[in-house]
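Given the sequences, and given the hints that come with them, work out the whole structure.
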Amino acid sequence: MNITGRKPILYGIILIVSLIAPWLMPAYQTQLAFLWVMVLFALTWDIIGGQMGYNSFGNIVFFGLGMYTTAVVQRNMHFSIEEYVHVAGRVEMLTPVQYLEGLFLGMGLGAVIAVAAAAFLGACILAMGMRGQYFGICTLGLGVAAGELANGWEYIGAGSGLVTPVFPDQLGQRGAFFYYIFFVLAIIAFVTLRKLYAGRFGLAINAIRDDEDKAEAMGIYTTRHKIVAWCISAFFLSLTGGAAGHLIGFIDPTEVAFAGSTFGVWMILMAILGGKGTLWGPVIGAVIFHITQEVFWTYLFGWQRVALGALIVAIVVFFPEGILGWVRERWPERFGYRVEKSQAVSSSGGGAL
Amino acid sequence: MDNLQILFAAPIFTLQLLIDGILIGSIFALAAYGMAMVWGVMKIINFAQGEFVILGGFILYSLTRIGLNPFLAIPLVPVVLFVVGWALYQIVIVRIVEKDLFISILATFGIAILLQQLMNQVFGADVQTVDPGLGTWFLFDNAITVLQIKVVSFFVAVVLGALLALFMKKTRLGQAIRATSQDARAARILGVDTNRVYATTFAVNAAICGAAGALVVMTWVIQPFAGLAYTIRSFMIVIIAGLGNVAGVIFAGLGLGAAENFAGFLLGAEFQAAFIFSLLVVILVWRNFELRLQRGYLK
Numbered sequence: 001m002n003i004t005g006r007k008p009i010l011y012g013i014i015l016i017v018s019l020i021a022p023w024l025m026p027a028y029q030t031q032l033a034f035l036w037v038m039v040l041f042a043l044t045w046d047i048i049g050g051q052m053g054y055n056s057f058g059n060i061v062f063f064g065l066g067m068y069t070t071a072v073v074q075r076n077m078h079f080s081i082e083e084y085v086h087v088a089g090r091v092e093m094l095t096p097v098q099y100l101e102g103l104f105l106g107m108g109l110g111a112v113i114a115v116a117a118a119a120f121l122g123a124c125i126l127a128m129g130m131r132g133q134y135f136g137i138c139t140l141g142l143g144v145a146a147g148e149l150a151n152g153w154e155y156i157g158a159g160s161g162l163v164t165p166v167f168p169d170q171l172g173q174r175g176a177f178f179y180y181i182f183f184v185l186a187i188i189a190f191v192t193l194r195k196l197y198a199g200r201f202g203l204a205i206n207a208i209r210d211d212e213d214k215a216e217a218m219g220i221y222t223t224r225h226k227i228v229a230w231c232i233s234a235f236f237l238s239l240t241g242g243a244a245g246h247l248i249g250f251i252d253p254t255e256v257a258f259a260g261s262t263f264g265v266w267m268i269l270m271a272i273l274g275g276k277g278t279l280w281g282p283v284i285g286a287v288i289f290h291i292t293q294e295v296f297w298t299y300l301f302g303w304q305r306v307a308l309g310a311l312i313v314a315i316v317v318f319f320p321e322g323i324l325g326w327v328r329e330r331w332p333e334r335f336g337y338r339v340e341k342s343q344a345v346s347s348s349g350g351g352a353l
Numbered sequence: 001m002d003n004l005q006i007l008f009a010a011p012i013f014t015l016q017l018l019i020d021g022i023l024i025g026s027i028f029a030l031a032a033y034g035m036a037m038v039w040g041v042m043k044i045i046n047f048a049q050g051e052f053v054i055l056g057g058f059i060l061y062s063l064t065r066i067g068l069n070p071f072l073a074i075p076l077v078p079v080v081l082f083v084v085g086w087a088l089y090q091i092v093i094v095r096i097v098e099k100d101l102f103i104s105i106l107a108t109f110g111i112a113i114l115l116q117q118l119m120n121q122v123f124g125a126d127v128q129t130v131d132p133g134l135g136t137w138f139l140f141d142n143a144i145t146v147l148q149i150k151v152v153s154f155f156v157a158v159v160l161g162a163l164l165a166l167f168m169k170k171t172r173l174g175q176a177i178r179a180t181s182q183d184a185r186a187a188r189i190l191g192v193d194t195n196r197v198y199a200t201t202f203a204v205n206a207a208i209c210g211a212a213g214a215l216v217v218m219t220w221v222i223q224p225f226a227g228l229a230y231t232i233r234s235f236m237i238v239i240i241a242g243l244g245n246v247a248g249v250i251f252a253g254l255g256l257g258a259a260e261n262f263a264g265f266l267l268g269a270e271f272q273a274a275f276i277f278s279l280l281v282v283i284l285v286w287r288n289f290e291l292r293l294q295r296g297y298l299k
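So the protein lines, in turn, are chains U and Z. Mapping the first sequence onto my numbering, position 223 (from 1) lands on 223, and the numbers just tick up by one. Mapping the second sequence onto my numbering, position 197 (from 1) lands on 197, and the numbers just tick up by one.
Keep in mind the hints are simulated off the structure, nothing from the lab. It cannot be assumed that every hint is accurate.
[Claimed, not checked] Covered by chain U, per the in silico footprint, the following chain Z stretches (three or more residues, Cβ under 8 Å): (1) 96-109; (2) 117-131; (3) 271-282.
[Stated by the list, open to error] DMTMM-like cross-link-like pairs, simulated, lysine to aspartate or glutamate; straight-line CA separation at most 20 Å: (4) Z:43 with Z:193; (5) Z:169 with Z:183; (6) Z:99 with Z:183; (7) Z:169 with Z:193; (8) Z:99 with U:321; (9) Z:43 with Z:100; (10) Z:43 with Z:98; (11) Z:99 with Z:193; (12) Z:99 with U:210; (13) Z:99 with U:211; (14) Z:99 with U:329; (15) U:7 with U:333.
Just so you know, these numbers come straight off a predicted model, no measurement behind them. Heads up, the beta-carbon is just placed ideally off N, CA and C, and yes, glycines get one too.
And the structure:
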């Protein structure tokens, strides 16, 4: 948006509201924390889905990887595994220091593993030039396969899932604590992406989206850019996953960690709803979607998933350009596109031919 | 991998797995044929394919619950699914048929989620099956057991596939469908009502899947959330066979059924689903690798 004068005020308001939100609505702290998780989902999906045009259905893999790594690190650091499995996590309370050590070390390790996984998968899939619907379906297969593998792996709890340690009371309220973690993560992700999209990197991945062959012919290292973009996406997603696992408290392989049919689809949907390929679009989409979803959950209990399915179809079919996409088409000047009257007329005339 | 030794110790067991796999594979091939048809004609990858299969199963289940003989109820299932498919086309698919593939994948994926949740609400989340009331054949001194219903469903699948091939070859509508798949614009210019062709194709596909689902519920079990595996299987079969290759679809279907049965036996049942989805990734990567090699020759 090109309203430079009002920008700091806008950011300031958002920051202040976000900082005090958990104290204004203490009953909704967990939901508010999830709001930032949703924002992170949409932002990270939009890096490769919106800006690069590679519609991944399997980004949830990195979320699950981060989640499991963090939980396993936390478990192995402080407990004997045998004991832990049998009493489902309630061995003894951790001290705050132990808890934080495990959490942050786990998140860090999870990020390393997820980035390595993204680089490896990128070398197998993206570097080979897989594109379009084949890339989408391949990543969908990856997501589901990862969930099914976790479902059968005894070491990480298999189908009965993994319980994270009890949150120590000394750290304050659990909802508020994770709210601020996700809030900081989301701000870091947003600022990083803003910086990246504004520079050569953003131009390069946009060029890949528009025409990959031409971009390569123009001298852009397309493979390198694609893999790096996927790694950035994986990095933030795995950090989100690591903290989200501890917020939820119970890691189910297919319903929480590798939840392709909920989180996996929602991240795409939120980016589309807000307008994919824009910086603010995913954020707006995530906020609207999360509120809608919570409203459905409250008022349509039992049918909320049916209503969500209908919403997905409705958004994709009737509103594929998204909110910001629609606004951008309506008022292109505000987005820094210079439109001159004569040009607009001639280009629309050209379209008719 | 302990089970590998069993296979070496009792080679006859290999035959057992092969027979079971091929009989099940015929059902996969049927659903894959429908997907290939929609993909070829409408350029849409239908991600609700598996949900149509499961829905067909649930409809047969409900029909038998009100007292119908399952074999008499089979012909009713495709009729119901035909109507469902037609309605879905008119409400949703008609708006995405000309759009890009990503939109159509996402929209049909949304339909899939919607159908899953609806089935979950209406029929419950439990695993269901229909008892066809048939026995078992014992061959080779009882070393091999063949459920009669599997053989019956194999033949039903074969007959349905043959009927469909005949429909595509001989009738006017079938010709119109094939013409549209070759060149939709030219077909439109020559007077084919492509909108009607699309609607029919989508509805016929749903009907085929419904029939496949009716067979699945009698030979196996169904569950509202089990649809995605059928979608992925269909997709894999079409990818292996190549679009428009009917014989390929049949062989790939039977092969996939057998491969999956072996994998389930060797790796354990809990990894069977993981096997299917990993196989999808491997096949796509491999196919891509081969395409790359071909492009290398061209350079």
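Now for the hints, and whether the structure bears them out:
1. Residues of the segment 96-109 of chain Z with a Cβ under 8 Å from some Cβ of chain U number 9, which satisfies the need for three, so the listed coverage holds.
2. For the segment 117-131 of chain Z, the proposed coverage by chain U is satisfied: 4 residues have a C-beta within less than 8 Å of a C-beta in that chain, meeting the threshold of three.
3. Only when three residues or more bring their CB closer than 8 Å to a CB of chain U does the claim for the segment 271-282 of chain Z stand; here the count is 7, and the claim holds.
4. A threshold of 20 Å between alpha carbons decides the hint, and for residue 43 of chain Z with residue 193 of chain Z the separation of about 17 Å falls inside it, so the pair holds.
5. For the given pair, residue 169 of chain Z sits about 17 Å from residue 183 of chain Z by alpha-carbon distance, which is consistent with the 20 Å threshold.
6. With a CA separation close to 16 Å, the supplied pair residue 99 of chain Z and residue 183 of chain Z stays within the 20 Å bound.
7. Proposed proximity of residue 169 of chain Z and residue 193 of chain Z is supported: the alpha carbons are some 18 Å apart, at most 20 Å.
8. Proposed proximity of residue 99 of chain Z and residue 321 of chain U is supported: the alpha carbons are some 12 Å apart, at most 20 Å.
9. With a C-alpha separation of about 9 Å, the suggested pairing of residue 43 of chain Z with residue 100 of chain Z holds against the 20 Å cut-off.
10. Under the criterion of a C-alpha separation no larger than 20 Å, the hint pairing residue 43 of chain Z with residue 98 of chain Z is consistent with the structure, at around 8 Å.
11. The suggested pairing of residue 99 of chain Z with residue 193 of chain Z holds, with an alpha-carbon distance near 19 Å, which does not exceed 20 Å.
12. At roughly 17 Å between alpha-carbon atoms, residue 99 of chain Z and residue 210 of chain U fall within 20 Å of each other, so this suggested pair holds.
13. The suggested pairing of residue 99 of chain Z with residue 211 of chain U holds, with an alpha-carbon distance near 18 Å, which does not exceed 20 Å.
14. Note on residue 99 of chain Z and residue 329 of chain U: the hinted pairing holds, with a Cα-Cα distance of about 18 Å set against a maximum of 20 Å.
15. Of the pairs offered as hints, the one joining residue 7 of chain U and residue 333 of chain U holds, with about 17 Å between alpha carbons and a cut-off of 20 Å not exceeded.
In summary, the structure agrees with every hint in the numbered list given earlier.
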